[in-house]
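A.B. asks: If you want the building blocks of each chain, they are given just below.
Number of protein chains: 4
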Amino acid sequence: MKINRYVDISTIDREAKKDYIDRHSPFIHCDKTAKKGERFAVTVKLGDEYPHPDDFDHYIEYVQLWNREAMLATAHFTPGTLGNMPGHVEVVFNIVPTKDLKLTAMAYCTKHGLWQSDEVEVEVTE
Amino acid sequence: MKINRYVDISTIDREAKKDYIDRHSPFIHCDKTAKKGERFAVTVKLGDEYPHPDDFDHYIEYVQLWNREAMLATAHFTPGTLGNMPGHVEVVFNIVPTKDLKLTAMAYCTKHGLWQSDEVEVEVTE
Amino acid sequence: MKINRYVDISTIDREAKKDYIDRHSPFIHCDKTAKKGERFAVTVKLGDEYPHPDDFDHYIEYVQLWNREAMLATAHFTPGTLGNMPGHVEVVFNIVPTKDLKLTAMAYCTKHGLWQSDEVEVEVTE
Amino acid sequence: MKINRYVDISTIDREAKKDYIDRHSPFIHCDKTAKKGERFAVTVKLGDEYPHPDDFDHYIEYVQLWNREAMLATAHFTPGTLGNMPGHVEVVFNIVPTKDLKLTAMAYCTKHGLWQSDEVEVEVTE
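Top line first, the protein sequences correspond to chains L, P, S and X.
Heads up: the first sequence begins at 1 in the working numbering, then just goes up one per residue.
Heads up: the second sequence begins at 1001 in the working numbering, then just goes up one per residue.
Heads up: the third sequence begins at 2001 in the working numbering, then just goes up one per residue.
Heads up: the fourth sequence begins at 3001 in the working numbering, then just goes up one per residue.
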């Protein structure tokens, strides 16, 4: 078992491989700065350009949000939550930071394993 | 083990009991209608008026979104995600409905057990 | 969304209903007494007489072990863990009790919802 | 966020480091061969020689069993399941293999992150 890491798909030629990498990769969408002790929304979305199937035998079962070595939140899904249609799993977690964040997301596809996002740094100010 | 059900706190006199019920109850926030096959955002938020602790020995460990008898999504948390300060766990799940929804949410507090929301009906149109 | 409760199937006439209830019900198997502060094995097994499918669109997604209002452990599964054949989900959790236990188990079937076992009392001695 | 991998602690001099690595590492205990289509018990146990705390701010929150890139089962815990005493998280998953297995286990400590076991191969015969 190994972790798949995101690769910038603009560096990849083959269309099928771009699709494969993009649709499995979790992306973190959030502001670059946060206020200490205040609610901060972090969206984890699968795929930037390409949708992923939501089939019974092939779906995204979980996504996780991590800060450095700490798991902040995990969302589990069952097949059908996206209507059994190709789409983008997307979940918004709200966290309350107390110091600078180094966020990464993980996503698990029941056919193609575990995928890790690039790290996103968030500056937390008083 | 029993499920705690939401009770309208305006019917309750004692302040401590209002607080206890409200801060443990998951509330569903979403539109009343959705388009079939399109993304539909559903927010599950703990507490309407009163915040819940995020202490190591007392925190909200999971919230779930159900449609009738089907679990659509579960979000797990570890203590500290809300900065170890009283607050409102809040997560936005995106689902893709194919027919009318009857949504309920569940929330689990590590000290005070499992809580079920009122049911929310969503009409799904073509 | 409602919780299905176990009913003694010897009181039920119709074979299909016996099967339906039994195969969805979690059963707790453990000793009646435990030593305080020592490891204590608790098995949660689905179905006593009838197996449950492990199909992609119909499987047991989680089982939980509770002590009174506290969730001790949850096991999540993906379809195929039982080889896509009818069988009995079975997991052994090891806990360390410090006082008398009132255990219940929950199980979630992706087609037929959430099921709660009868309560099992365990006396914990020094 | 990075995955910590098991290192044979007999190759390590410092006692504190042996303890740190061992108590966080999940170990897979199972037979070396299995029968196709029959139940096969796999134990995931944290630590071989050194126990891990079960404190509110420092505990093992989940263990997972993987076969190659497929997650077979995840067990989640809340602090206190091991009586708030140092010990070994231990869970027995029952799976039904249909072909040779390459098992790995993962464990997540709320203070020290995610740990991956060595791979264990199981021959599956008719």
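No wet-lab data here; the hints were simulated from the structure.
All figures in this text were calculated on a predicted structure; none of them were measured in a lab.
Cβ coordinates follow ideal geometry from the N, Cα and C atoms, glycine included.
It is possible that part of the hints are untrue.
[To be verified] Here chain L is said to cover these stretches of chain X; the calculated rule only asks that three of the stretch's residues, wherever they fall, bring their Cβ under 8 Å from a Cβ of chain L:
1) 3045 to 3051
2) 3068 to 3082
[To be verified] Which chain S residues stay away from chain L? Per the calculated CB distances, all over 12 Å, these:
3) 2009
4) 2010
5) 2016
6) 2018
7) 2038
8) 2057
9) 2068
10) 2072
11) 2076
12) 2098
13) 2122
A.B. asks: Compare the structure with each hint and give your call.
C.D. replies: Going through the hints against the structure:
| no. | hint | in the structure |
| --- | --- | --- |
| 1 | 3045 to 3051 | violated (count 0) |
| 2 | 3068 to 3082 | holds (count 4) |
| 3 | 2009 | holds, 27 Å |
| 4 | 2010 | holds, 33 Å |
| 5 | 2016 | holds, 24 Å |
| 6 | 2018 | holds, 27 Å |
| 7 | 2038 | holds, 30 Å |
| 8 | 2057 | violated, 4 Å |
| 9 | 2068 | holds, 25 Å |
| 10 | 2072 | holds, 18 Å |
| 11 | 2076 | violated, 7 Å |
| 12 | 2098 | holds, 27 Å |
| 13 | 2122 | holds, 29 Å |
In the structure shown, a violation is registered for the earlier hints numbered 1, 8, 11, in ascending order.
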